[in-house]
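Below, each chain spelled out in residue letters.
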Amino acid sequence: GQQLNQSPQSMFIQEGEDVSMNCTSSSIFNTWLWYKQDPGEGPVLLIALYKAGELTSNGRLTAQFGITRKDSFLNISASIPSDVGIYFCAGRARTYKYIFGTGTRLKVLA
Amino acid sequence: EAEVAQSPRYKITEKSQAVAFWCDPISGHATLYWYRQILGQGPELLVQFQDESVVDDSQLPKDRFSAERLKGVDSTLKIQPAELGDSAMYLCASSWGLAGVYNEQFFGPGTRLTVL
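Going line by line, the protein sequences match chains W and U. Each residue of the first sequence is one higher than the one before, starting from -18 at the first, in our numbering. Each residue of the second sequence is one higher than the one before, starting from 488 at the first, in our numbering.
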């Protein structure tokens, strides 16, 4: 099935560093969601975006809805060990169906 | 805090056997989704319900998979017969409705299926 491209696929960072990741689509979306998934668990919703250009924060996390409506970005500031996991984006267009990204695997070195 | 409930959390079965997964969405959520997630990939939609009606089951392998939500609340996903390639995490999610803003999906903890 269709999946959105997420970049980077994986990253190792030092504790305290900032993290940036993005998600791109060939289609225009009107909703973007960002999730974090720990091993063996279901995805947990982090941030929801509904308007092009929108910038939304949730604690140390900030996400943006791209101006072109074909991409979205997630930033994590001052990373900590519990930020380890897989981050997924999900986008929705006019249909009621969400398309998920391929995931960015984050590993934090203490 | 309201959560999506799923059971069982883990299921091991032999190929050709039947398996069933149960999901109870967040109270009041009219839309329910079943996803399959293969290790290392993002979730892929199998079937989507609005109340008791199927909205999208285009990716559901209907020769072996079935899903129902008889009273528009909880739902069951069945596989019969199971095949080796069905080994995956099966995730249930729910949302207030199909469309409109502020209509986020919330996921349950998932059922990890292993087919031997």
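Calculated from the structure, these hints are not laboratory results. Take the hints with a grain of salt, since some may be wrong.
[To be verified] List of simulated lysine to aspartate or glutamate pairs, DMTMM-like, C-alpha gap at most 25 Å: (1) W:LYS78 x U:GLU501; (2) W:LYS78 x W:GLU(-4); (3) U:LYS498 x U:ASP544; (4) W:LYS51 x U:ASP543; (5) U:LYS498 x U:GLU591; (6) W:LYS51 x U:GLU591; (7) W:LYS51 x U:GLU531; (8) W:LYS78 x U:ASP538; (9) U:LYS502 x U:ASP573; (10) U:LYS498 x W:GLU22; (11) W:LYS17 x U:ASP511; (12) U:LYS565 x U:ASP511; (13) U:LYS565 x W:GLU35; (14) U:LYS558 x U:GLU501; (15) U:LYS502 x U:ASP538; (16) W:LYS32 x U:GLU591; (17) W:LYS78 x U:ASP511; (18) W:LYS17 x U:GLU539.
[Unchecked claim] Between beta-carbon pairs, the in silico distance windows are: (19) W:GLY(-3) x U:GLN504: 42 to 52 Å; (20) W:GLN(-5) x U:SER494: 33 to 43 Å; (21) U:THR563 x W:ALA91: 19 to 29 Å; (22) U:ASP561 x W:LYS32: 28 to 38 Å; (23) U:VAL541 x W:LEU26: 37 to 47 Å; (24) W:LEU26 x U:VAL542: 37 to 47 Å; (25) W:GLY(-3) x U:VAL542: 41 to 51 Å; (26) W:LEU26 x U:GLN546: 17 to 27 Å; (27) W:ARG41 x U:PRO568: 42 to 52 Å; (28) W:ASP(-1) x U:GLY527: 22 to 32 Å; (29) U:GLN546 x W:PRO(-11): 19 to 29 Å.
The beta-carbon is built from N, C-alpha and C at its ideal position, and this holds for glycine as well.
So, going through the hints one by one against the coordinates:
Under the criterion of a C-alpha separation no larger than 25 Å, the hint pairing LYS78 (chain W) with GLU501 (chain U) is inconsistent with the structure, at around 32 Å. Only pairs whose Cα atoms come within 25 Å are accepted, and LYS78 (chain W) paired with GLU(-4) (chain W) is rejected, the gap being roughly 36 Å. Restraint check for LYS498 (chain U) and ASP544 (chain U): satisfied, since their Cα atoms lie roughly 23 Å apart, inside the 25 Å limit. Annotation: proposed proximity of LYS51 (chain W) to ASP543 (chain U) holds, straight-line Cα distance about 24 Å (limit 25 Å).
The suggested pairing of LYS498 (chain U) with GLU591 (chain U) is violated, with an alpha-carbon distance near 28 Å, which exceeds 25 Å. As the CA atoms of LYS51 (chain W) and GLU591 (chain U) are separated by approximately 19 Å, the hinted pair is consistent with the 25 Å bound. Pair hint LYS51 (chain W) plus GLU531 (chain U) holds up; C-alpha atoms about 20 Å apart against a cutoff of 25 Å. Proximity of LYS78 (chain W) to ASP538 (chain U) is assessed by CA-CA distance (about 16 Å); at most 25 Å being required, the pair is judged to hold.
Restraint check for LYS502 (chain U) and ASP573 (chain U): the C-alpha separation of about 9 Å stays at or below 25 Å, so the hint holds. Our distance criterion of 25 Å between C-alpha atoms is met by LYS498 (chain U) and GLU22 (chain W), whose separation comes to about 14 Å. Taking the CA atoms of LYS17 (chain W) and ASP511 (chain U), the gap is about 21 Å. The hint holds against a cut of 25 Å. With a CA separation close to 15 Å, the supplied pair LYS565 (chain U) and ASP511 (chain U) stays within the 25 Å bound.
Note on LYS565 (chain U) and GLU35 (chain W): the hinted pairing is violated, with a Cα-Cα distance of about 40 Å set against a maximum of 25 Å. This hinted pair does not check out: LYS558 (chain U) and GLU501 (chain U) have alpha carbons roughly 31 Å apart, beyond 25 Å. At most 25 Å may separate the alpha-carbon atoms for a hinted pair to count; LYS502 (chain U) and ASP538 (chain U) exceed this at roughly 32 Å. Between LYS32 (chain W) and GLU591 (chain U), the direct Cα distance comes to roughly 14 Å. Compliance with the 25 Å bound is thereby established for this hinted pair.
Between the alpha carbons of LYS78 (chain W) and ASP511 (chain U) the distance comes to roughly 20 Å, so the proposed pair stays at or under 25 Å and holds. With a CA separation close to 29 Å, the supplied pair LYS17 (chain W) and GLU539 (chain U) exceeds the 25 Å bound. The supplied range of 42 to 52 Å is met by GLY(-3) (chain W) and GLN504 (chain U), whose beta-carbon atoms lie about 50 Å from each other. Between GLN(-5) (chain W) and SER494 (chain U) the CB atoms are about 40 Å apart, so this pair conforms to the stated range of 33 to 43 Å.
Taking 19 to 29 Å as the suggested C-beta distance range, the pair THR563 (chain U) and ALA91 (chain W) does not conform, at roughly 43 Å. Look at ASP561 (chain U) against LYS32 (chain W): about 34 Å separates their beta carbons, and that is inside 28 to 38 Å. Range check, VAL541 (chain U) to LEU26 (chain W): Cβ separation about 24 Å, and the 37 to 47 Å hint is violated. Range check, LEU26 (chain W) to VAL542 (chain U): about 21 Å between beta-carbon atoms, so the 37 to 47 Å window is missed.
At about 45 Å, the CB distance of GLY(-3) (chain W) to VAL542 (chain U) agrees with the hint of 41 to 51 Å. Separated by about 22 Å at the C-beta atoms, LEU26 (chain W) and GLN546 (chain U) satisfy the suggested range of 17 to 27 Å. In this structure, ARG41 (chain W) and PRO568 (chain U) meet the distance hint of 42 to 52 Å, their C-beta atoms being roughly 47 Å apart. Distance hint check for ASP(-1) (chain W) and GLY527 (chain U): the Cβ-Cβ separation is about 26 Å, which falls inside the suggested range of 22 to 32 Å.
Between GLN546 (chain U) and PRO(-11) (chain W) the CB atoms are about 28 Å apart, so this pair conforms to the stated range of 19 to 29 Å.
In the structure shown, a violation is registered for the earlier hints numbered 1, 2, 5, 13, 14, 15, 18, 21, 23, 24, in ascending order.
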